[in-house]
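Engineer: Chain residues, written in single-letter form:
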Amino acid sequence: MAAGHEPMRAVAREVTTTPRAAARPAGSGRLLFFLAVLRARPNYALGYGIVTLVVLLAIFAPLVAPFDPVQANPAAYLQPPGWPHLMGTDATGMDILSRVIYAPRIDLTIALAGTLISAVAGSLVGAAVGYYQTVRGLGAFASGFVMRASDVLQAFPVFVFAIAIVAVLGQSLESIIIAVAFVNAPIYLRLMRSQVMSVRRMRYVEAAYIAGTSDREILTRHVIPNAIAPVLAQLSVNIGWAILLTAALSFIGAGVEAPTPEWGSMIAMGFQNIITGHWWPSIFPGLALAVTVFGFALVGSSVEVLADPARRRALAGQMEQRRRATLPVGPAPAGADGGD
Amino acid sequence: MALLAYIGRRLLFVGPQLVGILLVSFFLVKLIPGDPAVLMLGPFATPDALARLRTELGLDGTLIEQFLIYLWNVLQGDLGTSWQTTLPVTIDLAQRFPATLELVTLGLLLALLIGIPLGVAGAFFKRGLLRKAADYYGLLAGALPDFWLALVLIFVFYTMLGIAPAPLGRIDFAILPPEPVTGALLIDSLIAGNWAAFWNAAGHLVLPVVTLGLINAGPILKMTQSTMERMLEADFSRYAEMCGLPRHVVLRKALRNSLPSIVTIVSVLYGFLIGGAVLVEIVFSWGGAGQYAVQGVLNADLNPVLGFVLYSAVLSLVIYLIVDLIYFAIDPRTR
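Read top to bottom, the protein sequences are chains L and F. Each residue of the first sequence is one higher than the one before, counting from 0 in numbering that gives the first Met the number 0. Each residue of the second sequence is one higher than the one before, counting from 0 in numbering that gives the first Met the number 0.
Source of the hints: derived by calculation from the structure; they are not laboratory data. Treat the hints loosely; a few may be bogus.
As the list claims (entries may be wrong) - One side of the interface only, derived from the structure: several residues of chain F facing chain L at Cβ under 7 Å:
no. : residue
1   : L74
2   : P144
3   : F146
4   : A292
5   : S311
6   : V313
The C-beta atom is built at its ideal place from N, Cα and C for all residues, glycine as well.
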């Protein structure tokens, strides 16, 4: 079972053994560097664009949506896309565009809350487990127990487990958040544990220990800050998964209940219509869902590069090279940031 | 000999692990509100009848007692009865598990056929259109909800073009299914020599298999590409290139060395899909094992859920064991 985590651990180790301070290109602001990266890598810019747009839509939905998202209109059911219903209406006559615009309010809330809870809880426990596992005594025993428990949790079929949690806690926004958090927590636990176990062996940690620093202070001031980068990279990818999980739960009727606008339940509502040729109630929310998750995946891959000092340096070098190649005369002054 | 000892050591941990998994799922499902006795007898049952049924179902002991009784029955091969189908869970699962396995196995095979060539090509041509396409495909496959993709495929190939069968199960109602031997319709109809059933079942498999294949090719592609890239940059590849070996030989050697991580990702996906294919099963009314478990959770039907969890846990343990044996076969360093 541990075999599946091997590649992740290999990458993780590489991250922490690289010194961090030298990574930033000298003499440039972080923001300028970030903007330059977006210019050099348009697909990252696309990702950030999509995520920003979805977040803005969620916040300003009441201003943007042309109709009330839960207002049924039996007189105008299953209208094809056109005017005034740009994406048509569903079987109860609700405006699909308005519902697609309102949906990220629910989906993003669940995904963000669930992912953040699992990341914080999972990495705190993971850090403690990684720190104490190599020490003898009660700490090691407890760590071993936590790892076996997480083995058992991970042996469960993810989806059935999530449905069972929602069924136990009752169908509500909070229980879906808890289900998402529960299912994702072991990922962070393992990631943080392997990170901490490698950082722990660093000289500066040993030095702090010899200087008499308390365990808690070593963990919070020296170990966790140096082990956190891959966790951050995992976050964005995970938000995408969490959105998919939320939609999937709603699709089978164990998540958000209709008529609350939510992409998964909208796809489920249009399920019967698609067989009779009315494609729009299912296709549009699915597209919105896919584009959103795609955006978070792109942001995730950019964070993966930017949070990894070695890869960030490589990217900065590439950008610098390309900039020099396009400059009309002479070499660029040392330390230029490429953000002009 | 070392191999046998290794397998023995692995099997030693299987028992406690299975009991742990059963314990957690038992209490989790027991916590689901809903009394099977009330659900079975309806809202107008007399308290007497309810009490009798509870005793009959073994619901009147403490939770620990109930769990121990359940465990004892499991050891004797009795997984209890589902009150929804009124059949023993072992019989229900014997029908449904092969359906899921057939679907998932074919889906993963297709995913391998898509993912490995694209991954190898992406690692070989580091710049250019093909690499870009492979990168975007990997991201996109991870972003598409499988249940939605299934609906899109149904819309295009059933509703619009009319070339796919209706998404209503594994075989047409009009066609007599072959005598169950393995439970997998394709194999059974071959055994029976029933070609009509074979082609009909194959037709029903196409859309769900394509759905699973397209989605799961994403992670396989990413894993193949990143491992191949590492292998092509490794010293042995450089050396082979310097010696002037032709490109396809260098590629083949790199691919051979990438096999362990590809096997790993396939085993992870396989374990995940046993329960994770449930959405595709629902869309195509497949009647698979995942669907059975989800129905159980939604209706407080304990035994099907536990039976499913047990079967899939055993299956993933078997898969991981097979994977370890494959490592032995393909990676000389493990010997």
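Engineer: Run every hint past the structure and note whether it holds.
Structural biologist: Each hint tested on the structure:
no.: 1; hint: L74; verdict: 19 Å, violated
no.: 2; hint: P144; verdict: 6 Å, holds
no.: 3; hint: F146; verdict: 5 Å, holds
no.: 4; hint: A292; verdict: 5 Å, holds
no.: 5; hint: S311; verdict: 5 Å, holds
no.: 6; hint: V313; verdict: 10 Å, violated
Hints 1, 6 from the earlier list are contradicted by this structure; the remaining hints agree with it.
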